[in-house]
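Q: Protein chains in written order, with numbering that gives the first Met the number 0: chain A, 0 to 402; chain B, 0 to 318.
There could be a bad hint or two in this list.
[As the list claims (entries may be wrong)] Within a straight-line C-alpha distance of at most 20 Å, the following computed SDA-like cross-link-like pairs (lysine to any residue) qualify:
| id | chain 1 | residue 1 | chain 2 | residue 2 |
| --- | --- | --- | --- | --- |
| 1 | A | K250 | B | R178 |
| 2 | A | K85 | B | I2 |
| 3 | A | K250 | B | T256 |
| 4 | A | K85 | A | K250 |
| 5 | A | K250 | A | R343 |
| 6 | A | K250 | B | A175 |
| 7 | A | K250 | A | T172 |
| 8 | A | K250 | A | W374 |
| 9 | A | K213 | A | G375 |
| 10 | A | K250 | B | A176 |
| 11 | A | K213 | A | D82 |
| 12 | A | K85 | B | T9 |
| 13 | B | K231 | B | D188 |
| 14 | B | K231 | B | T256 |
| 15 | B | K231 | B | L254 |
| 16 | A | K85 | B | M0 |
| 17 | A | K250 | B | V158 |
| 18 | A | K250 | B | E162 |
| 19 | A | K85 | A | A170 |
| 20 | A | K85 | B | R5 |
| 21 | B | K231 | B | G199 |
| 22 | A | K250 | A | L261 |
| 23 | A | K85 | A | R343 |
| 24 | A | K250 | B | T112 |
| 25 | A | K250 | B | S144 |
| 26 | B | K231 | B | V158 |
| 27 | A | K250 | B | M0 |
| 28 | A | K250 | B | E163 |
| 29 | A | K250 | B | L254 |
| 30 | A | K250 | B | A186 |
| 31 | A | K85 | A | L21 |
| 32 | A | K213 | A | G223 |
| 33 | A | K250 | B | P110 |
| 34 | A | K250 | B | E258 |
| 35 | A | K250 | A | V73 |
[To be verified] Distance ranges between label pairs, derived from CB positions:
| id | chain 1 | residue 1 | chain 2 | residue 2 | range |
| --- | --- | --- | --- | --- | --- |
| 36 | B | E69 | A | G306 | 43 to 49 Å |
| 37 | B | A159 | A | L369 | 22 to 28 Å |
| 38 | B | R107 | A | V284 | 38 to 44 Å |
| 39 | A | L369 | B | A305 | 40 to 46 Å |
| 40 | B | D187 | A | A312 | 28 to 34 Å |
Keep in mind that the hints were calculated from the coordinates and are not lab data.
No experiment lies behind these values; they were computed from the predicted model shown.
Just so it is clear, CB atoms sit at the ideal spot from N, CA and C, and this is done for glycine as well.
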Amino acid sequence: MYLSTITRPKTAGWKGVSANVLALGAVSLVTDVSSEMVTAVLPLYLVVGLQLSPAAYGVIDGLYTGATTLLRLVGGFLADRTDRRKGVAGFGYALSALAKLGLLVAGSSTAALGAVITADRAGKGLRTAPRDALITLSTPAGDLGRAFGVHRAMDGMGAFAGPLVALAVLALTGESFDSVFMTSFCVAALGVVILVLFVRDHRSAVPSEPVRVKAVGGLWRDGGVRRVVVAAALLGLATIGDGFVYLVLQKREGLSIGWFPLLAVGTSLVYLLLAAPLGALADRVGRLPVMLGGYVALGAVYLLLSGPVDGWALVVVVVALYGVFYAATDGVLMALAGPLLPERLRTTGIALIQSGQALAYLGSSVLFGLAWQSWGPEAATRLAAAAVAVTLVGTFALVGRRS
Amino acid sequence: MSIRVRLLITVLVAMLLAGVAVGYAVLSRSGAPDEVASTAVAGPRLVVLTNGRVSTVSRSDPGGPREVSEQRCDRVYSAGGTTACLRPVGAFKAGGLAVLDAGSREVRTVPLTGFPNRTRVSASGRMVAWTLFVDGHSYAANGFSTSTGILDTRTGTLVASLEEFTSTVDGVVADAADRNFWGVTFADDDNRFYTTLSTGGHRYLMEGDFAARTLRAVADNVECPSLSPDGKRIAYKAAVNGDPQQGWRLSTMDLETLEVSPLAETRSVDDQPAWVDPRTIAYGIQRDDGVNDVWAVPADGSGAPAVLVPEASSPAAVD
Numbered sequence: 000m001y002l003s004t005i006t007r008p009k010t011a012g013w014k015g016v017s018a019n020v021l022a023l024g025a026v027s028l029v030t031d032v033s034s035e036m037v038t039a040v041l042p043l044y045l046v047v048g049l050q051l052s053p054a055a056y057g058v059i060d061g062l063y064t065g066a067t068t069l070l071r072l073v074g075g076f077l078a079d080r081t082d083r084r085k086g087v088a089g090f091g092y093a094l095s096a097l098a099k100l101g102l103l104v105a106g107s108s109t110a111a112l113g114a115v116i117t118a119d120r121a122g123k124g125l126r127t128a129p130r131d132a133l134i135t136l137s138t139p140a141g142d143l144g145r146a147f148g149v150h151r152a153m154d155g156m157g158a159f160a161g162p163l164v165a166l167a168v169l170a171l172t173g174e175s176f177d178s179v180f181m182t183s184f185c186v187a188a189l190g191v192v193i194l195v196l197f198v199r200d201h202r203s204a205v206p207s208e209p210v211r212v213k214a215v216g217g218l219w220r221d222g223g224v225r226r227v228v229v230a231a232a233l234l235g236l237a238t239i240g241d242g243f244v245y246l247v248l249q250k251r252e253g254l255s256i257g258w259f260p261l262l263a264v265g266t267s268l269v270y271l272l273l274a275a276p277l278g279a280l281a282d283r284v285g286r287l288p289v290m291l292g293g294y295v296a297l298g299a300v301y302l303l304l305s306g307p308v309d310g311w312a313l314v315v316v317v318v319a320l321y322g323v324f325y326a327a328t329d330g331v332l333m334a335l336a337g338p339l340l341p342e343r344l345r346t347t348g349i350a351l352i353q354s355g356q357a358l359a360y361l362g363s364s365v366l367f368g369l370a371w372q373s374w375g376p377e378a379a380t381r382l383a384a385a386a387v388a389v390t391l392v393g394t395f396a397l398v399g400r401r402s
Numbered sequence: 000m001s002i003r004v005r006l007l008i009t010v011l012v013a014m015l016l017a018g019v020a021v022g023y024a025v026l027s028r029s030g031a032p033d034e035v036a037s038t039a040v041a042g043p044r045l046v047v048l049t050n051g052r053v054s055t056v057s058r059s060d061p062g063g064p065r066e067v068s069e070q071r072c073d074r075v076y077s078a079g080g081t082t083a084c085l086r087p088v089g090a091f092k093a094g095g096l097a098v099l100d101a102g103s104r105e106v107r108t109v110p111l112t113g114f115p116n117r118t119r120v121s122a123s124g125r126m127v128a129w130t131l132f133v134d135g136h137s138y139a140a141n142g143f144s145t146s147t148g149i150l151d152t153r154t155g156t157l158v159a160s161l162e163e164f165t166s167t168v169d170g171v172v173a174d175a176a177d178r179n180f181w182g183v184t185f186a187d188d189d190n191r192f193y194t195t196l197s198t199g200g201h202r203y204l205m206e207g208d209f210a211a212r213t214l215r216a217v218a219d220n221v222e223c224p225s226l227s228p229d230g231k232r233i234a235y236k237a238a239v240n241g242d243p244q245q246g247w248r249l250s251t252m253d254l255e256t257l258e259v260s261p262l263a264e265t266r267s268v269d270d271q272p273a274w275v276d277p278r279t280i281a282y283g284i285q286r287d288d289g290v291n292d293v294w295a296v297p298a299d300g301s302g303a304p305a306v307l308v309p310e311a312s313s314p315a316a317v318d
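Just chain B, with the same shape it has in the complex (with noise of 0.2 Å):
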């Protein structure tokens, strides 16, 4: 073959991967519906995350007929009429944090960086706390780091990471530096929170108060806790024999006690479970094929665990 032609297949091949190249990313453009159906949800109510966009199902008819918004967020949690919402990283946008009030607006951005995680809105609305993946890099499976921090909303008040807070453990202070905090639980008084710090190869229940700027350790092996609505129990995800890379399971703890109830969810919940009701909680479950849902077990330990919201993640329940 002559260098002329093969020139000239190398062109015509150059053309027609153009064309196929081109043709692919013209149709997936045109072909890539983002309308979903959507009608207003009255009553008490569950927010939700549905394909990355917040949305709100009736909390007695969970699986029925959901309202879409247009605020995309990758977690979400709204209480008191605040809605903490954790913006995607887009290719070219960083992502942070957004806090929106009950009309949906926008009031105030922290720029964060890192990959969203977790968010916890107090109940009254006015404590923000959110928890970030920095490191999502590594090269090591268990060499990931986080980034946790609480904005308050009435003062303005933006703490940008837990590790400015003192932090103890049986009396010590916990300084190493490979400390990562995660999942903040905020109880009613707006002041004292519940974290969990994970240091030494052990992941603590912390006692937090936000106006001393300290943290305690209460208990070992707990992560993601979360406050029930009477403040006197959380519940919260367990690494199985204390070793992450083997699961977590929900249990409930009382806190005066520190006595412990597993609940009924057998598989591994990797999640900050959220109280639907005194009685119920919820938390998200990956399927296989990537889809999140919603699931919802008894907080007493009886029962079964049920789908609550087929496709959606980041449960919220609101009045």
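If we strip away everything but chain A, and leave its shape as in the complex, we get (with noise of 0.2 Å):
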């Protein structure tokens, strides 16, 4: 199969997304609700609500994309050693919707609050590679694109909802941040109630030795598969993050804070429509002239943040294009890795892809933070450009150099 899957996949009709796919995009979409709700009033809560000074929450964040990064990779492992990806996976799941209720007794200790938010990352760090293993298990090798799209694309349904729903409880309860987390922690509840109830476990046929910590070496050492890490490490590196490119935007347009949640909202809706068609159009032509697309996507969008253009239209524009980089992106990435990497290891392959990811976005994002504080937005996003343009070239030197 190697890489001649990746360029020319067999086309499939759209019965090639399983039931299982389905029930998986439904527990992401309605978990994702619980999430984005949390995340969207976070800084609020904090800074706002608990009166935080800006560093402190600095910290924080920093402390919510940190802690999710290696844990990806013992959860990987984990799963692909026990052979039980639903119960890693519904563990994390468990995990984040307990730490709903931990925002609501941690009270405005910062250690607490450290606690539980590192808790949530935790449990999304361990869930994410068996989920997404479960969907390579159980779709064809030629369906990925489309599996990984539809899956995303409910996944994004449920990241533009969250939002809505908490500025909607914040609403109706005259800003009451606590129903806003047992709002989170219930809707969560149902999520993993979903998963219990219809998502398969896919356990290997044979039963065969336990997978051991060399074997993750020896996938290493697969010419294939390091170049997807090292792709997907780029991927990371070009990006600076959500919070940036909506500062930028929110900077150079004046927007009010209000409007935060609503960037994230347009984002996740372009996304959601467009990353199962995407998804499907990369099985057809080619999972890597989609991604080079969504490159473009990106360099575009950070372009745009320092070029001429402002007003609405660049507010319209930019969040269209970021969704469009997401969609052409994310999902494609995971269908482009799937099949490179052995089932037995599958999850540990999937996981170390996404830490690579990980690591590197934390690195450019703090990069980027450190950028702009010495020469500005401008310069900083068009060296962001500059790093999509070689990630472009570098990724297509990586993983197109055998098609």
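Since each chain sits alone in its own frame, please combine them into the complex, following the hints.
A: Encoded structure:
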């Protein structure tokens, strides 16, 4: 199968999306409503509600991102080792759900909040790789783009609805943050119930020896896997983070803080509308061209942020292109990687790729923050656009070489 | 389990969880008492914030009865019959500056973007300054940025950002992109003022001239200055060892000799201090549980800090 499946996959009908993928999509949809509700109000809650200093918020936010990175690898390895992908994913979903209750009892203690938010992100870190591995194991190789597209579209619907639900709860309760957290917990709990009842675990047909740590090294020695991991890290390096993109936009246009959640809602809307069609397109014309198209959209976003256009046109075009970027890269990268990974190490391999991307992203967002601080937002976004160009060429050289 | 049973369980669980969420929201709404005991206060007073509401206490009994108003602010300062109130950022509305007259009527508003941080009014009540955090969403712990502006309430002149003024450090124009201003204090002539300029890892005390639109560095490692009633000294916070990560200490500085005298407060204070009277300096300190108290310490470096107004922040002395 090797790389020929990546560039010239067989086409299939819509029935290629299995019930298990739809069930996982439903779990992701419900869970994303829950988590995006909290994400949308957390900065307001911490800085306005609890009057934490922005520096303290920065530390908490850093924990938020950092905690997920290495736990992905742990989650992936555990899932492969025990051959219980559903179990590990379920533990991750349940941990995140309980963390929402933790927000209620943490009060304004920075240490308790940090612990609760870390637990929430740890849950996300643990569940992501086993979930994506279940999708690849429930889908024939040629239909992976479509399967991930449908899954990510459902995921995106949750991300789209979450901030709106949060704003509605705030409006109906006279800005009670606690009610947002309680609602978020209830929604997350429903997600766990759907997972338990409807998602089927994929066990290996033949009971085999447990996966050993050494095997992870073997994964890294596989040239194809290594190239995709490096390509994922490049993708991470090219992304400066939603917060920064929206912040530059907000600064340029002088938008009020209330627009923050709505920028994310707009991006999610474009993402959920395009994720499935672009996934299907990737199955037909090849996953690499669609990914590269996504980078072009990202580069355009960065250039526009420091470009001559402004006003509402800029906001709309940037949000739309940013959604296109996510739709063309997020699920497509997993579809590109899936077939390269041996089934027994599928979860670990996916985790390896996602960790590479997440670590690089952590680095790039810190670097972008420093660049902004030293040279201003215009120069920093142009630098980011240059990084996208390097990523585009690098990805083509790495993944397109064999085709 | 058949698909029908599983669907039935899911629907039942969903209904149960929806009931919990709605029930909690209803309870939290009805159980949110916002009323605070309020008693009229006369004589020399202190304006403070009580749980985000503008309040006054008697200066002779600051821990005693409190008059709590309906005005909600994240930061407040009052002088010469003018109150500057930085309105909190809500989920649906941006924050901003509200200028209130002696009768608590809103006479001017300035929409501002960011999280309220500092505000000051000149002794005559004419000049109003504010500082907001613009970028509190940074991924690097040091990567915040601030925006500081000044409003002349008599002429209506609005300087949205002190970055518009020409700043010099040791005679060299400072125009680096990393400039941040915060914490303004006004002199009695309603033109001269002091503030902090942060650039290149230094935090300078700047002396400003509002009419000339210029700022000049006077000293290094001085933040959030506050002019004494006689205008000869400032109280301020200084980063420990010049490193804000290590916290801040309160000191006073003689503006003529630049001589520094540490105050008796040895805890880290992240606030713009305020002079309660020529001998006393007040400031807010946050407890571990997030509640603020207003503390006071003698201005001559003697004595020990003591709580001035419990469960309050943002002190300002008014007559």
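Q: Now tell me if each hint is right for this structure.
A: Here is how each hint holds up against the structure:
no.: 1; hint: A/K250 / B/R178; in the structure: 16 Å, holds
no.: 2; hint: A/K85 / B/I2; in the structure: 19 Å, holds
no.: 3; hint: A/K250 / B/T256; in the structure: 41 Å, violated
no.: 4; hint: A/K85 / A/K250; in the structure: 43 Å, violated
no.: 5; hint: A/K250 / A/R343; in the structure: 48 Å, violated
no.: 6; hint: A/K250 / B/A175; in the structure: 18 Å, holds
no.: 7; hint: A/K250 / A/T172; in the structure: 30 Å, violated
no.: 8; hint: A/K250 / A/W374; in the structure: 15 Å, holds
no.: 9; hint: A/K213 / A/G375; in the structure: 46 Å, violated
no.: 10; hint: A/K250 / B/A176; in the structure: 15 Å, holds
no.: 11; hint: A/K213 / A/D82; in the structure: 17 Å, holds
no.: 12; hint: A/K85 / B/T9; in the structure: 18 Å, holds
no.: 13; hint: B/K231 / B/D188; in the structure: 13 Å, holds
no.: 14; hint: B/K231 / B/T256; in the structure: 10 Å, holds
no.: 15; hint: B/K231 / B/L254; in the structure: 6 Å, holds
no.: 16; hint: A/K85 / B/M0; in the structure: 18 Å, holds
no.: 17; hint: A/K250 / B/V158; in the structure: 18 Å, holds
no.: 18; hint: A/K250 / B/E162; in the structure: 15 Å, holds
no.: 19; hint: A/K85 / A/A170; in the structure: 37 Å, violated
no.: 20; hint: A/K85 / B/R5; in the structure: 17 Å, holds
no.: 21; hint: B/K231 / B/G199; in the structure: 29 Å, violated
no.: 22; hint: A/K250 / A/L261; in the structure: 15 Å, holds
no.: 23; hint: A/K85 / A/R343; in the structure: 15 Å, holds
no.: 24; hint: A/K250 / B/T112; in the structure: 9 Å, holds
no.: 25; hint: A/K250 / B/S144; in the structure: 12 Å, holds
no.: 26; hint: B/K231 / B/V158; in the structure: 26 Å, violated
no.: 27; hint: A/K250 / B/M0; in the structure: 55 Å, violated
no.: 28; hint: A/K250 / B/E163; in the structure: 17 Å, holds
no.: 29; hint: A/K250 / B/L254; in the structure: 37 Å, violated
no.: 30; hint: A/K250 / B/A186; in the structure: 32 Å, violated
no.: 31; hint: A/K85 / A/L21; in the structure: 15 Å, holds
no.: 32; hint: A/K213 / A/G223; in the structure: 18 Å, holds
no.: 33; hint: A/K250 / B/P110; in the structure: 14 Å, holds
no.: 34; hint: A/K250 / B/E258; in the structure: 40 Å, violated
no.: 35; hint: A/K250 / A/V73; in the structure: 39 Å, violated
no.: 36; hint: B/E69 / A/G306: 43 to 49 Å; in the structure: 46 Å, holds
no.: 37; hint: B/A159 / A/L369: 22 to 28 Å; in the structure: 26 Å, holds
no.: 38; hint: B/R107 / A/V284: 38 to 44 Å; in the structure: 60 Å, violated
no.: 39; hint: A/L369 / B/A305: 40 to 46 Å; in the structure: 42 Å, holds
no.: 40; hint: B/D187 / A/A312: 28 to 34 Å; in the structure: 49 Å, violated
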